[in-house]
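Engineer: The lines below spell out each chain.
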Amino acid sequence: MKNNICLLVFFLFFPALVIVAQSEDRTISLSINAAYNYNENEFHDYWNSTPGAGFELSFEDDVGEIGAGLRLMRFNKIVESTKSFYGVDYYFLYRHYFSIHRKIDFVAGFDFGIFEFRFDDDVDIKTLAERFEREFAIKLVTGMSFSLSESWKAELTTAYNHIYTRKKIELFYLSVGITKTFSAPAWLKELFE
Amino acid sequence: MKRFLLFSILNLTLFLNMTFSQSNNRIVLKSSELEFLIIKSISDIYTILPHLDLYTIDGYRHTTLLNSLYNNAPSDIVLLINGTKTHYGVWNKTNLSQFPVNPSAIDSIIIYTGPLLYNGVFTSGVLIDIITKVPAEGISFNFSYATGNETGDPGPYRYTKFDSENVDQLGPYTFFSGQYGKKNFGLVYNLMHHIIPSTDMSIIKRSPGYNFYNHQLQYINSSIIISDISELGKHELFASYSMSGDAVLGSIYGADLIYIDELSRELPYQNKNFILTSGNLIEISPDADLLVNLNLNYNSVNQSKLSDEFQFNSDDLWLYSKVGYQSSLGAINYLAGTSFTYHNMQNKLTDFNYSRSIPSVFTSLTAESIKNMTTRIDAVLRFGGNSSGMFICINNELIINEEHQISFSVSYDSLFNIQNSFGYRIGKGYTFNNEYSTVINSSHSEASQTSLNLNYSFYPDKSTSIAAGINFSRYHNFSFNLNDFVFSPEYNEIVNAQSELFEGVNGWTGEFNFSITNKISKKLLQKLYYRYISAISDNEIFEDAMKRFPRHRLFYSIYYLPFSDLSVYMTINYSSAKEWIEYRNITSEGDEYYNSRLNNLFLINCGATKTFWSNRIKISAAVENLLNTKIQHHPVGGSFDLTFFIKAEVDLQSIIRF
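Taken in sequence, the protein lines are chains A and B.
My numbering puts the first residue of the first sequence at 1, with every later residue one more than the last.
My numbering puts the first residue of the second sequence at 1, with every later residue one more than the last.
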């Protein structure tokens with residue numbers, strides 16, 4: 001219930017978050033990152049995670065940074081009766097940057113998409129339907145962004161990931177990444193008009 | 001930049017024009033409001049219509065509560081397209097989700113709650129008239145794809161003690177539309193396709209003879225709309241062919257389903273439907289018009305290949321014509337006319353063949369009776385055995401000044417929608433090859449209804465409207481089947497332990513409603529609606545039967561346009577508890593699916609739409625049941641968890657001009 005309320009508050013404040021205008025210069029950002037799952041709950045009685053990796057592509061728009069991302073992370077079984085899996089997270093993302101220093105921004109945003117469980121290590125999985133499970137998932141993201149040069153940034157973020165399985169899965173991540181920013185070509189600027 | 005500004009202004013203008021038009025029993029949803037929502041199929045409009053009392057078993061098919069309540073007073077949804085009646089539906093159930101119009105081609109939707117006469121068309125339930133857009137000049141294309149995922153899969157817990165049933169994705173819903181428009185002429189071609197799984201455990205549990213797994217419903221429709229304005233007047237033609245159940249695309253076969261209220265079970269079927277309607281407004285003179293509407297509807301319902309429980313065929317042919325003359329006589333504007341309905345029902349497996357003809361005459365008179373007061377009188381007489389009856393309504397609207405308006409109406413009717421239920425067919429000699437043909441009590445005694453309405457509207461400023469109304473309805477001589485549905489673990493189905501027919505059921509209902517619409521700013525609109533309804537009667541059966549209507553209903557919606565290319569909305573829906581007397585013994589120990597009492601419903605939906613490329617591309621995302629509470633609309637219906645939807649639409653207007 002507590003998480004639901006947090007989600008509700010987030011959606012209520014979402015419009016307020018996006019009314020801050022952006023600059024008219026459109027940019028594309030490509031980032032790669034490494035993530036570590038640092039919390040412990042009942043899920044971790046069955047699986048432990050290894051560090052994961054991912055990439056994100058985002059575009060600067062009036063409402064903030066919008067884009068998509070993919071992250072891969074392996075979860076190894078602890079209990080013999082269950083199965084290990086790769087967690088593949090496909091998501092749309094939204095980020096907003098608040099400047100707190102000439103070279104430092106505060107980052108807030110969210111992701112939503114599908115979290116796929118790809119079971120991989122058992123011979124008794126016979127059909128494709130048994131190999132995959134997919135579920136809707138959201139992430140709330142916050143952190144800091146450090147400008148390294150005009151087009152390079154480093155980011156340190158933490159995220160709360162809620163996967164809406166029948167027995168909910170809640171994961172917290174710490175993530176470090178590096179981002180390269182490009183100037184958007186004319187056709188892309190037109191697309192975002 | 002110039003084009004961007006133009007689109008921004010257009011968007012803003014649409015938003016400012018968005019109104020919540022409601023007077024008495026009339027609601028108008030304009031495309032500017034619909035564009036905020038993630039419309040996957042047209043029935044999604046029900047999520048913003050708290051004024052309607054509907055139930056759904058599976059979230060895809062909806063029926064009015066009144067329709068299944070009294071067996072001598074059918075009152076389901078009557079569907080019109082551009083003002084012409086369509087007789088759309090399977091038997092007495094109208095599935096708006098499958099109505100063959102691309103949601104993006106809709107200009108507005110007019111909704112009335114009956115009893116009422118609307119341009120010569122009578123309904124005692126709900127009337128929905130879908131008005132389509134006029135195509136833009138040149139050739140245009142529209143394509144959309146929407147899909148959803150109900151949460152609650154087991155995920156990796158599938159291989160642990162926390163294993164649970166799988167839930168499926170919803171959709172996809174795919175639409176394509178090609179349009180050609182030039183001055184006074186429009187041609188629209190629509191193609192739509194739905195895939196709908198029915199894997200809710202509440203349905204599976206009581207359907208042992210039908211394997212739902214991996215057999216999603218496939219629905220495909222192809223339709224055209226031609227509109228023309230000539231010196232003679234305005235003409236429209238709508239033709240549609242649809243198939244459900246039998247796969248057209250891909251190889252997966254699945255059945256369509258109809259929920260039979262009298263049996264409390266689904267009937268799997270496959271369907272072919274053809275509709276042809278023509279609406280014509282012919283100008284006879286500058287102040288006189290002739291309305292000519294025609295409709296042909298052929299509906300063939302057959303046993304599903306996936307179920308041999310029922311072996312049946314049911315072919316229905318509807319022919320409908322309406323001719324009306326509208327003009328003025330001094331200070332009186334009038335519409336007078338006649339309609340004729342022919343209905344043929346056949347079962348090719350048993351030689352059942354039954355036909356009926358139902359003529360009617362109608363009139364509507366409008367005049368300014370005293371200063372600032374308009375009086376309107378509607379009347380209809382229908383002939384044809386059990387379908388005969390009359391309706392009369394007198395409505396007065398008084399405009400006190402710019403800020404205050406009052407309306408008062410009184411109506412009487414012994415007329416209901418044309419009988420077409422499962423029970424009605426059985427009564428006419430239609431048989432299935434099993435025992436279900438004999439278990440239905442039906443009554444055709446004449447019922448009547450009297451309604452009194454008083455409404456007050458207040459417009460304190462240009463951005464706010466406040467309305468309040470009271471309504472009293474008297475139900476007279478209704479017939480109610482008091483069934484006793486229980487779940488049989490032995491047969492894994494719901495059985496009717498006892499059925500008793502109560503005739504001569506009388507009672508009153510009282511209703512109070514209140515609504516506020518407020519444009520906080522040019523970019524922010526909010527609406528509030530509250531309704532209280534209660535039975536006023538010493539008839540115990542009437543009071544118990546009416547408990548399926550929630551006493552309190554509260555609805556709040558907010559629409560926000562922070563940027564010209566971004567819109568967001570949120571709706572909050574509360575309904576108090578409901579009870580279904582015929583399901584009073586449905587709950588058994590340890591059963592989490594069937595409930596005789598449906599607890600308070602608290603539902604929050606929200607969504608956002610981002611447009612790109614000067615509104616040519618739209619990406620929408622929505623979350624239904626944000627708080628992930630258990631939502632159930634019927635005692636044996638599915639429960640709906642948090643569901644996520646996404647929709648992508650490409651709208652290329654006037655890409656080729658001549």
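One should not assume that every hint holds.
Across the chosen pairs, the derived CB separations fall in these ranges [claimed, not checked]:
1) ILE617(B) with ALA53(A): 29 to 39 Å
2) LEU188(A) with ASN344(B): 58 to 68 Å
3) LEU72(A) with MET201(B): 27 to 37 Å
4) ASP461(B) with ILE32(A): 46 to 56 Å
5) ASN313(B) with ALA53(A): 52 to 62 Å
A partial selection of chain A residues facing chain B, derived with a Cβ cut-off under 10 Å [as the list claims (entries may be wrong)]:
6) THR82
7) VAL88
8) TYR160
9) ILE163
10) GLU190
11) PHE192
Just so you know, the hints here were simulated from the structure itself, not pulled from any lab data.
Ideal Cβ placement from N, Cα and C applies to all residues, glycine included.
Engineer: Would you mind marking each hint as holding or not holding in the structure?
Structural biologist: Structure-based check of all given hints:
1. ILE617(B) with ALA53(A): 29 to 39 Å: Since the Cβ atoms of ILE617(B) and ALA53(A) sit about 30 Å apart, the hinted range of 29 to 39 Å holds.
2. LEU188(A) with ASN344(B): 58 to 68 Å: At 60 Å between Cβs, range holds.
3. LEU72(A) with MET201(B): 27 to 37 Å: For LEU72(A) and MET201(B) the Cβ distance comes to about 33 Å; the hint holds.
4. ASP461(B) with ILE32(A): 46 to 56 Å: For ASP461(B) and ILE32(A) the Cβ distance comes to about 55 Å; the hint holds.
5. ASN313(B) with ALA53(A): 52 to 62 Å: With Cβ atoms ~59 Å apart, the hint holds.
6. THR82: Given a least distance of 4 Å, the restraint on THR82(A) holds.
7. VAL88: Where the cut-off is 10 Å and the nearest Cβ of chain B is about 13 Å from VAL88(A), the hint is violated.
8. TYR160: With a closest approach of 16 Å, the TYR160(A) hint is violated.
9. ILE163: 7 Å, holds
10. GLU190: Cβ of GLU190(A) sits 7 Å from chain B, so the hint holds.
11. PHE192: Where the cut-off is 10 Å and the nearest Cβ of chain B is about 6 Å from PHE192(A), the hint holds.
Of the numbered hints listed earlier, those contradicted by the structure are 7 and 8.
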